[in-house]
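Participant: Here is how the chains run, residue by residue.
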Amino acid sequence: MTTEIIFAGFGGQGVILAGKILTLAGMSEDKYVSHIPSYGAEMRGGTANCSVIVSDEEVASPVIEKPDVVVALNKPSMTKFEKWLKPGGLLIYNSSLIDIEPSRKDIRTLALPANDMAAETNNARGANMVVLGCLAKVCPGMISGVKPFEFALDEAISARNKKFNPINIATIEAAYNKDYDIK
Amino acid sequence: MAKGRPLINKERCKGCGLCIRVCPKKILEMSKETNGQGVSFPVCIDEASCIACSMCATMCPDCVIEIEAE
Amino acid sequence: MSKKYEFPKSMNDVPTHYCGGCGHGIVHKLIAQVIDEMNIQQDVLLVAPVGCAVYAYNYINVDSCEAAHGRAPAVATGMKRVHPDKLVISYQGDGDLLAIGTGETVHAANRGENITVIFINNAIYGMTGGQMAPTSLVGQVTKTTPFGRNADEVGYPIRACELLNTLVEPKYIERCAVYDVPHINKTKAAIKKALTYQKEGKGYSFVEVLSMCPTNWGVAPTVAADWVKDQMEPYYPLGVFRDVPGGVTPEAATPVAGVVTK
Amino acid sequence: MAEKVLMKGNEAIAEAAVRAGCRFYFAYPITPQNEIPAYMAKRLPEVGGTFLQAESELAAINMVMGASAAGSRCMTSSSSPGISLKQEGISYISGAQLPAVVVNMMRGGPGLGNISGAQGDYFQATRGGGNGDYHVVVIAPGTVQEMADCTLKAFEIADKYRVMCMILGDGYLGQMSEPCVLPEFVKEFPAKPWALTGKTPDRKQNKIMSLKLSGIDGELNAHTKALFENYQKIQDNETMSETFMCDDADYILTGYGTCARVCKKAVKMLREQGIKAGLFRPITLWPFPAKELEAACKNAKKILTVEMSMGQMVQDVKLNCGRSVKDVDFYGEPGGIIPSVDAVIEKVKSYE
Numbered sequence: 002m003t004t005e006i007i008f009a010g011f012g013g014q015g016v017i018l019a020g021k022i023l024t025l026a027g028m029s030e031d032k033y034v035s036h037i038p039s040y041g042a043e044m045r046g047g048t049a050n051c052s053v054i055v056s057d058e059e060v061a062s063p064v065i066e067k068p069d070v071v072v073a074l075n076k077p078s079m080t081k082f083e084k085w086l087k088p089g090g091l092l093i094y095n096s097s098l099i100d101i102e103p104s105r106k107d108i109r110t111l112a113l114p115a116n117d118m119a120a121e122t123n124n125a126r127g128a129n130m131v132v133l134g135c136l137a138k139v140c141p142g143m144i145s146g147v148k149p150f151e152f153a154l155d156e157a158i159s160a161r162n163k164k165f166n167p168i169n170i171a172t173i174e175a176a177y178n179k180d181y182d183i184k
Numbered sequence: 002m003a004k005g006r007p008l009i010n011k012e013r014c015k016g017c018g019l020c021i022r023v024c025p026k027k028i029l030e031m032s033k034e035t036n037g038q039g040v041s042f043p044v045c046i047d048e049a050s051c052i053a054c055s056m057c058a059t060m061c062p063d064c065v066i067e068i069e070a071e
Numbered sequence: 012m013s014k015k016y017e018f019p020k021s022m023n024d025v026p027t028h029y030c031g032g033c034g035h036g037i038v039h040k041l042i043a044q045v046i047d048e049m050n051i052q053q054d055v056l057l058v059a060p061v062g063c064a065v066y067a068y069n070y071i072n073v074d075s076c077e078a079a080h081g082r083a084p085a086v087a088t089g090m091k092r093v094h095p096d097k098l099v100i101s102y103q104g105d106g107d108l109l110a111i112g113t114g115e116t117v118h119a120a121n122r123g124e125n126i127t128v129i130f131i132n133n134a135i136y137g138m139t140g141g142q143m144a145p146t147s148l149v150g151q152v153t154k155t156t157p158f159g160r161n162a163d164e165v166g167y168p169i170r171a172c173e174l175l176n177t178l179v180e181p182k183y184i185e186r187c188a189v190y191d192v193p194h195i196n197k198t199k200a201a202i203k204k205a206l207t208y209q210k211e212g213k214g215y216s217f218v219e220v221l222s223m224c225p226t227n228w229g230v231a232p233t234v235a236a237d238w239v240k241d242q243m244e245p246y247y248p249l250g251v252f253r254d255v256p257g258g259v260t261p262e263a264a265t266p267v268a269g270v271v272t273k
Numbered sequence: 075m076a077e078k079v080l081m082k083g084n085e086a087i088a089e090a091a092v093r094a095g096c097r098f099y100f101a102y103p104i105t106p107q108n109e110i111p112a113y114m115a116k117r118l119p120e121v122g123g124t125f126l127q128a129e130s131e132l133a134a135i136n137m138v139m140g141a142s143a144a145g146s147r148c149m150t151s152s153s154s155p156g157i158s159l160k161q162e163g164i165s166y167i168s169g170a171q172l173p174a175v176v177v178n179m180m181r182g183g184p185g186l187g188n189i190s191g192a193q194g195d196y197f198q199a200t201r202g203g204g205n206g207d208y209h210v211v212v213i214a215p216g217t218v219q220e221m222a223d224c225t226l227k228a229f230e231i232a233d234k235y236r237v238m239c240m241i242l243g244d245g246y247l248g249q250m251s252e253p254c255v256l257p258e259f260v261k262e263f264p265a266k267p268w269a270l271t272g273k274t275p276d277r278k279q280n281k282i283m284s285l286k287l288s289g290i291d292g293e294l295n296a297h298t299k300a301l302f303e304n305y306q307k308i309q310d311n312e313t314m315s316e317t318f319m320c321d322d323a324d325y326i327l328t329g330y331g332t333c334a335r336v337c338k339k340a341v342k343m344l345r346e347q348g349i350k351a352g353l354f355r356p357i358t359l360w361p362f363p364a365k366e367l368e369a370a371c372k373n374a375k376k377i378l379t380v381e382m383s384m385g386q387m388v389q390d391v392k393l394n395c396g397r398s399v400k401d402v403d404f405y406g407e408p409g410g411i412i413p414s415v416d417a418v419i420e421k422v423k424s425y426e
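Top line first, the protein sequences correspond to chains R, A, P and S. The numbering used here puts the first residue of the first sequence at 2, with every later residue one more than the last. The numbering used here puts the first residue of the second sequence at 2, with every later residue one more than the last. The numbering used here puts the first residue of the third sequence at 12, with every later residue one more than the last. The numbering used here puts the first residue of the fourth sequence at 75, with every later residue one more than the last.
Calculated from the structure, these hints are not laboratory results. You may find that some hints are simply not true.
[What the hints assert, rightly or not] Here are the computed distance ranges between Cβ atoms for each label pair:
1) Q306(S) with P248(P): 54 to 62 Å
2) I168(R) with G269(P): 39 to 47 Å
3) A160(R) with D322(S): 49 to 57 Å
4) K307(S) with T113(P): 35 to 43 Å
5) G269(P) with F302(S): 46 to 54 Å
6) P264(S) with E164(P): 49 to 57 Å
7) G250(P) with G292(S): 47 to 55 Å
8) F197(S) with D100(R): 44 to 52 Å
9) T298(S) with D24(P): 26 to 34 Å
10) F197(S) with P95(P): 35 to 43 Å
11) G206(S) with G250(P): 40 to 48 Å
[Said to hold, decoys possible] If you want the ones that stay clear, here's a sample from chain P, every Cβ over 10 Å from chain S, calculated:
12) D24
13) V25
14) G140
15) K154
16) F158
17) R170
18) L178
19) P193
20) K197
21) V234
22) D254
23) A263
24) K273
Even glycine gets a Cβ: it sits at the ideal position worked out from N, Cα and C.
All chains, please: the whole structure from these sequences, using the hints.
Facilitator: Okay, structure coming up:
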């Protein structure tokens, strides 16, 4: 099985970090993984995205043309990447910040109030962590539960910020334990 | 006054004449004959007057002159 | 009788390709003499430039490397970083040092690389046949300034010592000349001091030498020597601009601001 | 076996260089390879090495020349416009027979272009972008693992043959993270009796130079012929390539780096649709793996070269596939656009 995911949002929402953590989590489970961030001048002006592949077989191309999943943390990202989804793909959009509905009818959608859910776990900046917990839940077979994220956070987070790992794990866990209504 | 003598390796000489100009005793002059490169070279016309000051050798860009001194 | 002045041991006994009366030969000899006196033939690494002195390694018998035009200080930097215990000499002409290689010149000095740059300033491009150099004098006729260098069009000649003397890091900057014996002796002393400082780890040293190019100036060697004294020296004053170990420390060498504290 | 780590391609190159014994690194910032200098600035001091941010690309490559002449393993890195500036030094280093490694994380061109990954520097890299008759060994990794492994190989080849080696990647490969098992530290290095270490009484002075002025004697003629004898040895011994499902393939896709990965995906999808496609991926671009390509193409009906440029490697494919030029087709996208798998598949299907 191969899952191709695009994370997108504005700078500061931690979309590239979320992608990296998912990649590391996949690696810890001996999956084949790849992560390509948007970079350089592309990142100036506020938008950021990354492409993550988690697969049971060798990743042929790390480039994602038709994602299985798009995670859009703000409105411009949804507008841009919704149309990339393959038919039947899943759009997870941050309904805390996005006040419009997805327009495509041939995809599945999930309104995820990521900012609100993060705030509920006292982790106001943890919308990206909510996404990770949600993905582990709604993409069966990709990541086995919350455990792999502990390793991933430990690898990805600098020593200075490691003190936030427990609260981030708690946020991921809370998001993982929710039930989601995919339309 | 020291006594000395210039040893002139004429085949290295390019005939610039800078040595002749700096000699305080005016005992160097250009040769009539030419070396293998076809240029005139300095000759000492009065070795007895050489004071081994080494000015000619110092000035020479081509390491033509060595100085022997007593 | 014994030899009072002899052919330098660290010079190869081969004829040079320089023209008669060219200052390069004098400076090569001085470098070889200093190497002999300091007994550092095993320690010196020479960078030869593009320009008339490209064959310096054929005459001075030390391990040597050619550099592309203007890049000698960069090559010297690489060598020095690998062998901090060796004495690296970057030997350069005026086009190399102040035109195509201005960036490398300024930045090696600014980093305070512990190398010695010997700069032969003869106010003209020799190897290519007499074009304007960045140091050609105003009014000087060259192949590319047939009516004389026009300052309105191409600016005034650059003074390397004064330029580098605005930087913090250089430790020793002196301008010398080789148009007569007393000045040749001073030049040798300057080269020796520069290499001594380098050996002691003092930092960047720069010796400029006003030199003759009779062929491309189109004059006799003796006239060329006078031209250095009468025409060049007034614009390029001789002397020690900076000798930090020796106590000549201009204000520029002691910055009082520009350091960010945490 | 060593542990797997997730690394960016750029970082994998930097760490592998350190493990290959590179202790001197000089560079000037340019996107998309800035992770290499940032990594080296932190890493090299830990192993007693020297990182120096040069004032220009020209200075950086010439610092490499000096450091190599002095006998060290050294490296510089840049991206396309910066590599253009380095061509002077690359030519001099090649002429002077110095070993060194340069990394080019290609971006879109010509000119300032853009900062997306691209493959427009193939000609410059493989034909010799500087003046004169010479070659640079060009290695084009396709994964982060290969970026580490090829860096080690580049230092090895550089020292073995006294040549310049280029790692030719692109912005995507440089920025991409993948799991990677880092190579072990290299412990043994070849002797360099030619290096500048100070002339001792027991030997003649060492001279490193590319000037061979004596035209009448044919000094440069002989020197260049000697260079090319050396290049011939490299061609005979050092080609690297990957063949994937070529044995029974009707259609051979060829591409390197990022493009090869797109092609690999296309091959897999074509096979699922019952179309016999295969991939030939040169890893060394110079020397070009000519024999290997010819063998891979023996039974193919058509060969399609895919590039992130307007067609550069395709010339080498035409020259070396042992087939009629008419059998070789091309598809490419310039300016930092990655050819899509769909477009590649469509192209192949059009041959049916």
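Participant: Evaluate each hint against the coordinates.
Facilitator: A quick look at each hint next to the structure:
1. Q306(S) with P248(P): 54 to 62 Å: 58 Å, holds
2. I168(R) with G269(P): 39 to 47 Å: Roughly 42 Å apart at Cβ, these two residues keep to the hinted range, so it holds.
3. A160(R) with D322(S): 49 to 57 Å: Given about 53 Å between the Cβ atoms, the range holds.
4. K307(S) with T113(P): 35 to 43 Å: Because 41 Å falls inside the window, the suggested range holds.
5. G269(P) with F302(S): 46 to 54 Å: For G269(P) and F302(S) the Cβ distance comes to about 52 Å; the hint holds.
6. P264(S) with E164(P): 49 to 57 Å: 54 Å, holds
7. G250(P) with G292(S): 47 to 55 Å: 49 Å, holds
8. F197(S) with D100(R): 44 to 52 Å: Taking Cβ atoms as reference, F197(S) and D100(R) lie about 51 Å apart, which means the hint holds.
9. T298(S) with D24(P): 26 to 34 Å: With a Cβ separation near 30 Å, T298(S) and D24(P) satisfy 26 to 34 Å, so the hint holds.
10. F197(S) with P95(P): 35 to 43 Å: Because 40 Å falls inside the window, the suggested range holds.
11. G206(S) with G250(P): 40 to 48 Å: 44 Å, holds
12. D24: Holds, since 13 Å exceeds 10 Å.
13. V25: 12 Å, holds
14. G140: 15 Å, holds
15. K154: Since the minimum Cβ distance to chain S is about 21 Å, K154(P) lies beyond 10 Å and the statement holds.
16. F158: Check passes; 33 Å lies beyond 10 Å.
17. R170: 21 Å, holds
18. L178: The assertion about L178(P) holds, with a minimum of 13 Å to chain S.
19. P193: The claim holds: P193(P) sits with its nearest Cβ about 32 Å from chain S, beyond 10 Å.
20. K197: 28 Å, holds
21. V234: Non-interface label stands for V234(P): nearest chain S Cβ at 30 Å, farther than 10 Å.
22. D254: Per Cβ check, D254(P) is outside 10 Å of chain S; nearest 26 Å; holds.
23. A263: 19 Å, holds
24. K273: Per Cβ check, K273(P) is outside 10 Å of chain S; nearest 18 Å; holds.
Violation of the numbered hints given earlier is absent; every hint is satisfied by the structure.
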